[in-house]
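Participant: For chain A, the structure is supplied; the task is to place chains B, C, D, E, F, G, H, I and J on it using the hints.
Protein chains: 10
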Amino acid sequence: MMTKADVTDMIRAAKREKGVNWAEIAAAADLSEVFCTSACLGMNSLLPDTAGKVVDFLDLPAEAAVVLAEYPTKIFSQKVPTDPCIYRWYEITGVFGEAFKELVQEKFGDGIMSAIDFDMDIERIAHEKGDRVQVIMSGKFLPYKSW
Amino acid sequence: MMTKADVTDMIRAAKREKGVNWAEIAAAADLSEVFCTSACLGMNSLLPDTAGKVVDFLDLPAEAAVVLAEYPTKIFSQKVPTDPCIYRWYEITGVFGEAFKELVQEKFGDGIMSAIDFDMDIERIAHEKGDRVQVIMSGKFLPYKSW
Amino acid sequence: MMTKADVTDMIRAAKREKGVNWAEIAAAADLSEVFCTSACLGMNSLLPDTAGKVVDFLDLPAEAAVVLAEYPTKIFSQKVPTDPCIYRWYEITGVFGEAFKELVQEKFGDGIMSAIDFDMDIERIAHEKGDRVQVIMSGKFLPYKSW
Amino acid sequence: MMTKADVTDMIRAAKREKGVNWAEIAAAADLSEVFCTSACLGMNSLLPDTAGKVVDFLDLPAEAAVVLAEYPTKIFSQKVPTDPCIYRWYEITGVFGEAFKELVQEKFGDGIMSAIDFDMDIERIAHEKGDRVQVIMSGKFLPYKSW
Amino acid sequence: MMTKADVTDMIRAAKREKGVNWAEIAAAADLSEVFCTSACLGMNSLLPDTAGKVVDFLDLPAEAAVVLAEYPTKIFSQKVPTDPCIYRWYEITGVFGEAFKELVQEKFGDGIMSAIDFDMDIERIAHEKGDRVQVIMSGKFLPYKSW
Amino acid sequence: MMTKADVTDMIRAAKREKGVNWAEIAAAADLSEVFCTSACLGMNSLLPDTAGKVVDFLDLPAEAAVVLAEYPTKIFSQKVPTDPCIYRWYEITGVFGEAFKELVQEKFGDGIMSAIDFDMDIERIAHEKGDRVQVIMSGKFLPYKSW
Amino acid sequence: MMTKADVTDMIRAAKREKGVNWAEIAAAADLSEVFCTSACLGMNSLLPDTAGKVVDFLDLPAEAAVVLAEYPTKIFSQKVPTDPCIYRWYEITGVFGEAFKELVQEKFGDGIMSAIDFDMDIERIAHEKGDRVQVIMSGKFLPYKSW
Amino acid sequence: MMTKADVTDMIRAAKREKGVNWAEIAAAADLSEVFCTSACLGMNSLLPDTAGKVVDFLDLPAEAAVVLAEYPTKIFSQKVPTDPCIYRWYEITGVFGEAFKELVQEKFGDGIMSAIDFDMDIERIAHEKGDRVQVIMSGKFLPYKSW
Amino acid sequence: MMTKADVTDMIRAAKREKGVNWAEIAAAADLSEVFCTSACLGMNSLLPDTAGKVVDFLDLPAEAAVVLAEYPTKIFSQKVPTDPCIYRWYEITGVFGEAFKELVQEKFGDGIMSAIDFDMDIERIAHEKGDRVQVIMSGKFLPYKSW
Amino acid sequence: MMTKADVTDMIRAAKREKGVNWAEIAAAADLSEVFCTSACLGMNSLLPDTAGKVVDFLDLPAEAAVVLAEYPTKIFSQKVPTDPCIYRWYEITGVFGEAFKELVQEKFGDGIMSAIDFDMDIERIAHEKGDRVQVIMSGKFLPYKSW
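The listed protein sequences correspond, in order, to chains A, B, C, D, E, F, G, H, I and J.
Positions 1 to 147 (this note's numbering) are the ones given, in order, by the first sequence.
Positions 1 to 147 (this note's numbering) are the ones given, in order, by the second sequence.
Positions 1 to 147 (this note's numbering) are the ones given, in order, by the third sequence.
Positions 1 to 147 (this note's numbering) are the ones given, in order, by the fourth sequence.
Positions 1 to 147 (this note's numbering) are the ones given, in order, by the fifth sequence.
Positions 1 to 147 (this note's numbering) are the ones given, in order, by the sixth sequence.
Positions 1 to 147 (this note's numbering) are the ones given, in order, by the seventh sequence.
Positions 1 to 147 (this note's numbering) are the ones given, in order, by the eighth sequence.
Positions 1 to 147 (this note's numbering) are the ones given, in order, by the ninth sequence.
Positions 1 to 147 (this note's numbering) are the ones given, in order, by the tenth sequence.
Quick caveat, the hints were computed from the structure, so don't treat them as lab data.
Just so you know, even glycine gets a beta-carbon here, dropped at the ideal spot from N, CA and C.
The reader is advised that the hints may include incorrect statements.
To be verified - Taking lysine-lysine and the DSS-like style, the derived pairs with C-alpha atoms no more than 27 Å apart in a straight line are:
hint, chain 1, residue 1, chain 2, residue 2
1, E, Lys107, D, Lys4
2, D, Lys74, B, Lys129
3, I, Lys79, D, Lys79
4, B, Lys4, B, Lys107
5, H, Lys53, I, Lys18
6, E, Lys145, D, Lys74
7, H, Lys107, G, Lys4
8, G, Lys107, F, Lys4
9, F, Lys145, G, Lys15
10, A, Lys107, B, Lys107
11, C, Lys18, E, Lys4
12, F, Lys4, F, Lys107
13, D, Lys107, D, Lys145
14, D, Lys107, C, Lys4
15, E, Lys107, C, Lys4
16, G, Lys15, G, Lys74
17, A, Lys79, I, Lys107
18, I, Lys145, I, Lys107
19, F, Lys129, E, Lys145
20, G, Lys15, H, Lys53
21, E, Lys4, C, Lys15
22, H, Lys4, G, Lys129
Said to hold, decoys possible - Just a sample of chain C residues kept apart from chain E, beta carbon distances all over 12 Å, derived:
hint, residue
23, Asp9
24, Asp59
25, Gln105
Stated by the list, open to error - Simulated restraints, written as ranges between beta carbons of each label pair:
hint, chain 1, residue 1, chain 2, residue 2, range
26, A, Asp59, D, Asp9, 46 to 54 Å
27, B, Ala27, C, Val66, 22 to 30 Å
28, G, Ala126, F, Asp121, 50 to 58 Å
In isolation and in its complexed conformation, chain A is listed as follows (with noise of 0.2 Å):
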């Protein structure tokens, strides 16, 4: 049975045949790069539609959308990261978690950033001190209700 971890093998066997890149793959589906690149990553599914798109732009065989069509399970490491792209955000969060969680709720009282009403944006930024990763991060704020 195909699985979403045979997926991505399947994912990144093509790109490298192909040449090309999580920016062109996602182009070929609509979708951002950011969501195309978690979905073929296993991270998030894909309506029908958009994962024969995938699909088609890769040449992988049909059940693999069906495959990327189900829904995952989100399972993650929550070791510290060691590779220093992925530390380097982690340690972001743990020195500014706390002002984050304060100055949410300073703006919006009692409640939450969503991350399932959730998007994200990876930008390249030119600077003449040299070039600058952006990211934009967006959630709906959902209140907590008493009852």
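Facilitator: For chains B, C, D, E, F, G, H, I and J alone, coordinates are given in the frame of chain A:
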């Protein structure tokens, strides 16, 4: 000896008593809300002048400015956060962490987004289906060097 | 500075001294038993008016109402619980957690049951072979969005 | 030797192939959805007759019924769950666990809600602001004995 | 507010001062040694009358009886025990735990030995090659139910 | 090279195929049920003659008797057990472990109950309110020596 | 109530003040250095007479002898030790632990070296290339029994 | 590529088949039993000549001698050992570890016992109350240097 | 799909077969020993040309050069290392880590030593009392910025 | 009883009050900056004369010199460090640890770099693209011995 934790307690007490918020403290110190809040929580150091402005605005003792200007040892919990407001951000880094690395390195080459030459902004964005939290992060790209 | 933990201690002491129970406190505050108890234990915030009713009913100092209305940082242990009454619930989530996900997503599509727009009720149900504990939980379904 | 994990894989494959869902399997076995799903996932045993109904409905080999009727060793992860659908339930037990104990023991005396003499139901409840997941759990109260 | 830990300390101090042992305290309370000791250590509650007998026998303040009658939150360490006397028991449960499950379920069917409707006795048994510790545990069998 | 785990699998397969139970295997080997089961699960070694009786009774290959007679490396999980049948025993050791130490050392002096010179028996005891599991453990007392 | 930790502190203070060392304390108590030191550190109990000799030699209060004669709960850290002097011993048990088991059981049969009927000695051995630490441990062999 | 683990398996198989023991292997290699056993288990390297003697004695392929002479990466579990024979040694290091440090540094000054310039011997000592395991360890003392 | 782990295995096999060492591989690639070794172990990427030199020198397949040039996900164990050669470095970072921070920030101000713009060299230094390992590390200082 | 932690606090307070830095304290004691700082932080012992110089320079009480000369128990956290300045060094040991072992043992044979006969130096090196932190470590090579 007055510690950073002592000063954070003083700031919280003054905030409650005076009815000021983080945005007003940051404005008094000519700083962004995120950086100022993180420094008041003990996770960053302020320049002596800036520290003085915070202390004056909140009527804290002069020694508090000395402490705010000291270089902190940044200590944060590595356990999974339990507060829902902070957990949701943690969940986002778990779900999208690998996609972040894929896209940063696709756009820039082998390297990382700096967590030191870094800034962040949090805003409330009005939206008809419910207002949204927007977070913008920007860090300098640092390429690996060989030797 | 009076903390949520201080107020919880005051409430427990007043309960013991006055011989009142959680049901009576909740009734005085026009709240459900579960929500009111969780707020008294420091895991939720009360609206200022409601906080005042709790404080009046238990003859606590006025500052306690201010504290009950503050937004808590929810901290709970992530270790396996040892108290048998709480452990059994934990065991149930372990045994039935995957079935819960299968059935929620079969009935609703890819998404989650909200833990924010959520309520819960606990009742004693008479039964000839021994009375039963009944727990009813209700949370809004939140679908994942793509972008 | 066919294991419970093997049978779960067979059931998932048959579900996908035949396009049946958990509700239909449970109906074929005259069981509730929650109990039947948990047994198919290897967390409970079925009576031999009931196991036979599941196996017949899904056209599995006869040995699968023997395995479904065996007594399982219930193994589940004690780490914080990462899938958001399961995590939210985990968060609820963390936030309301102590309140649960307070109210059960206020209503019944010193003791616990059984996790063995126990049942659970999950329903979709229509709601104008968005449909809701409703979970009803019921367990026999067991008092502590002294001796 | 007097806690269970406070009362345990009072009991230990009174034991040392009066030179009484657990067997005598249990006899004064008309309880088994194991249950009485566990309650004095804060792991079980006593009925109010029984608590009064313990308090009278040891000349403790009346409030101690109230505390002994309260329902405890049972907290014990989940780390491997280091004291050799307790470790050996832990080792036994590790070496024979699976055999215990095999034999209980072979004799009774799918289910468990209750830890709530449960009693235990510890005796010194004279033996020519060295006296032996004998532990007898008895718990009600609870069968799983399907629904 | 045939391992203890291989032999345990062979024993389980032979048990299922022949329809014999642990009690019958133990009787064939002239051993108690608990010790024989633990040795078949790889946690104890059998004398060569006894191992031969188990192997003959279950029609296993001769090499299996050699393996059953080897000295095992006893490996068991130190995590909190999740199976409810084993967890309840674990809970009992947590709730009563300190009381066990208090009473053993009150009756014998400073020392321990041996886990090596040790035996255990598990029986079904008929009871009008529901049959009970009875566990009897006996271990030699070993006093600490000074030097 | 004076604890073993209190007495260890008293002994360390008296050692520093009087300028005596562990060898002299052990000689005063007619004990080996290792056992006497471990008892003073709270990891073993002394007979009342021996405890009295330690207390007399160091001019401690009489109650300290009562405490030294009590049966300790032996608590030690299960984390990897960080002090280099203790870590090296830990490393030796890691590197040679399996070889130890192989050779003990080759020489004696299935069983263990007792840690209760046990003694140890530490000596300085002069050596031309640098003096050496010599540790001699001796424990009774305990064979497993079947039943 | 043949690994150290492969060679350990070959040695165990040859031991069982030829009926030789560790003492005989060590004698063939002109090594102490402890060092030779530890090298055969992959925790130390042998000189090429010595490795050849082991390989010849056990009729292993020539490549095995190359592997026995390679420098190992020493990997051992940092969890509490579960096998009783190894656990007892672990317990001894926990109970007497601090006393060991006190006495080594009292006899030598600030420094450690080397685990590199180190040897160990294990012997069976006849004793009327039961034979004893004797372990003698010897390591060079290494003083700390300042600079 | 050939992975970095596969290529590391190929390099180790070629090293053993050809009898070359890391210094020779580094020389063939015009790289420092430390960087070249770390890249061969999968912890850094090589430029395509440099990767080709390594592959040519060791007669590996051409695809190995593609893999050596890919950007690695750096994964390393966060447990305490057990191999003594690596542990000693770990111990040094534990003993001197805080002093390192004190002195770097005393010399440079608030900030860090970069681990990205970084190089390291390892040399054997002859010494009459025994040769010494010398490690020289150099990293760019990165100051914190406020905003 | 004054502890090493007490003395570290005294030194930090005197540093702040007198406006001296670690370099000046080290110069007063005729020690390297790294060793002197580590001893002031409680991780190494000073000779009595040297300890006296530190205490004189900072006007601390005489007992502080006694404490600085005592042999410390070196305790450091084994968790992943969170402060970025220390984390970057930790990351380096993770990324380059295996390469370090490969190269040390290629240059010296089977053995380790001593962490006891060891020294370290930290310098600021001017550089046109930004000044650099240089760390030089030197430790005696210790070969494994067989026996």
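Participant: State for each hint whether it applies.
Facilitator: Hint check:
With a C-alpha separation of about 22 Å, the suggested pair lysine 107 of chain E and lysine 4 of chain D falls inside the 27 Å cut-off, and the hint holds. For the hint linking lysine 74 of chain D to lysine 129 of chain B, the alpha-carbon distance of about 43 Å lies beyond 27 Å, and the restraint is violated. The hinted pair formed by lysine 79 of chain I and lysine 79 of chain D meets the criterion: a straight-line CA distance of about 18 Å does not exceed 27 Å. For the hint linking lysine 4 of chain B to lysine 107 of chain B, the alpha-carbon distance of about 39 Å lies beyond 27 Å, and the restraint is violated.
For the suggested pair lysine 53 of chain H and lysine 18 of chain I, the alpha carbons sit about 25 Å apart, so the restraint of at most 27 Å is met. A distance of roughly 15 Å separates the Cα atoms of lysine 145 of chain E and lysine 74 of chain D; the hinted pair therefore holds under the 27 Å criterion. Restraint check for lysine 107 of chain H and lysine 4 of chain G: satisfied, since their Cα atoms lie roughly 25 Å apart, inside the 27 Å limit. For the proposed pair lysine 107 of chain G and lysine 4 of chain F, the alpha carbon gap of about 22 Å is at most 27 Å, so the pair holds.
For a cut-off of 27 Å, the pair hint linking lysine 145 of chain F to lysine 15 of chain G stands: about 26 Å separates their Cα positions. Under the criterion of a C-alpha separation no larger than 27 Å, the hint pairing lysine 107 of chain A with lysine 107 of chain B is inconsistent with the structure, at around 34 Å. Of the pairs offered as hints, the one joining lysine 18 of chain C and lysine 4 of chain E holds, with about 20 Å between alpha carbons and a cut-off of 27 Å not exceeded. Proximity of lysine 4 of chain F to lysine 107 of chain F is assessed by CA-CA distance (about 39 Å); at most 27 Å being required, the pair is judged violated.
Our distance criterion of 27 Å between C-alpha atoms is met by lysine 107 of chain D and lysine 145 of chain D, whose separation comes to about 17 Å. Under the criterion of a C-alpha separation no larger than 27 Å, the hint pairing lysine 107 of chain D with lysine 4 of chain C is consistent with the structure, at around 25 Å. For the proposed pair lysine 107 of chain E and lysine 4 of chain C, the alpha carbon gap of about 51 Å is over 27 Å, so the pair is violated. Our distance criterion of 27 Å between C-alpha atoms is met by lysine 15 of chain G and lysine 74 of chain G, whose separation comes to about 23 Å.
Straight-line distance between C-alpha atoms of lysine 79 of chain A and lysine 107 of chain I comes to about 33 Å, which puts the hinted pair past the 27 Å bound. For the suggested pair lysine 145 of chain I and lysine 107 of chain I, the alpha carbons sit about 17 Å apart, so the restraint of at most 27 Å is met. Straight-line distance between C-alpha atoms of lysine 129 of chain F and lysine 145 of chain E comes to about 17 Å, which keeps the hinted pair within the 27 Å bound. Taking the CA atoms of lysine 15 of chain G and lysine 53 of chain H, the gap is about 54 Å. The hint is violated against a cut of 27 Å.
In summary, the hint linking lysine 4 of chain E to lysine 15 of chain C is supported, as the alpha carbons are separated by about 17 Å, within the 27 Å threshold. For the hint pairing lysine 4 of chain H with lysine 129 of chain G, the CA-to-CA distance comes to about 33 Å; that exceeds 27 Å, so the pair is violated. A Cβ of chain E approaches the Cβ of aspartate 9 of chain C within 12 Å, the least distance being about 7 Å, so the stated non-interface status is violated. No Cβ of chain E comes within 12 Å of the Cβ of aspartate 59 of chain C; the nearest lies about 16 Å off, and the non-interface call holds.
Every Cβ of chain E is farther than 12 Å from the Cβ of glutamine 105 of chain C; the closest lies at roughly 22 Å, confirming the non-interface assignment. A beta carbon spacing of about 28 Å between aspartate 59 of chain A and aspartate 9 of chain D contradicts the range 46 to 54 Å that was offered as a hint. The beta-carbon spacing between alanine 27 of chain B and valine 66 of chain C, approximately 25 Å, falls within the hinted interval of 22 to 30 Å. At about 57 Å, the CB distance of alanine 126 of chain G to aspartate 121 of chain F agrees with the hint of 50 to 58 Å.
Against the hints set out earlier in the document, violations occur for numbers 2, 4, 10, 12, 15, 17, 20, 22, 23, 26.
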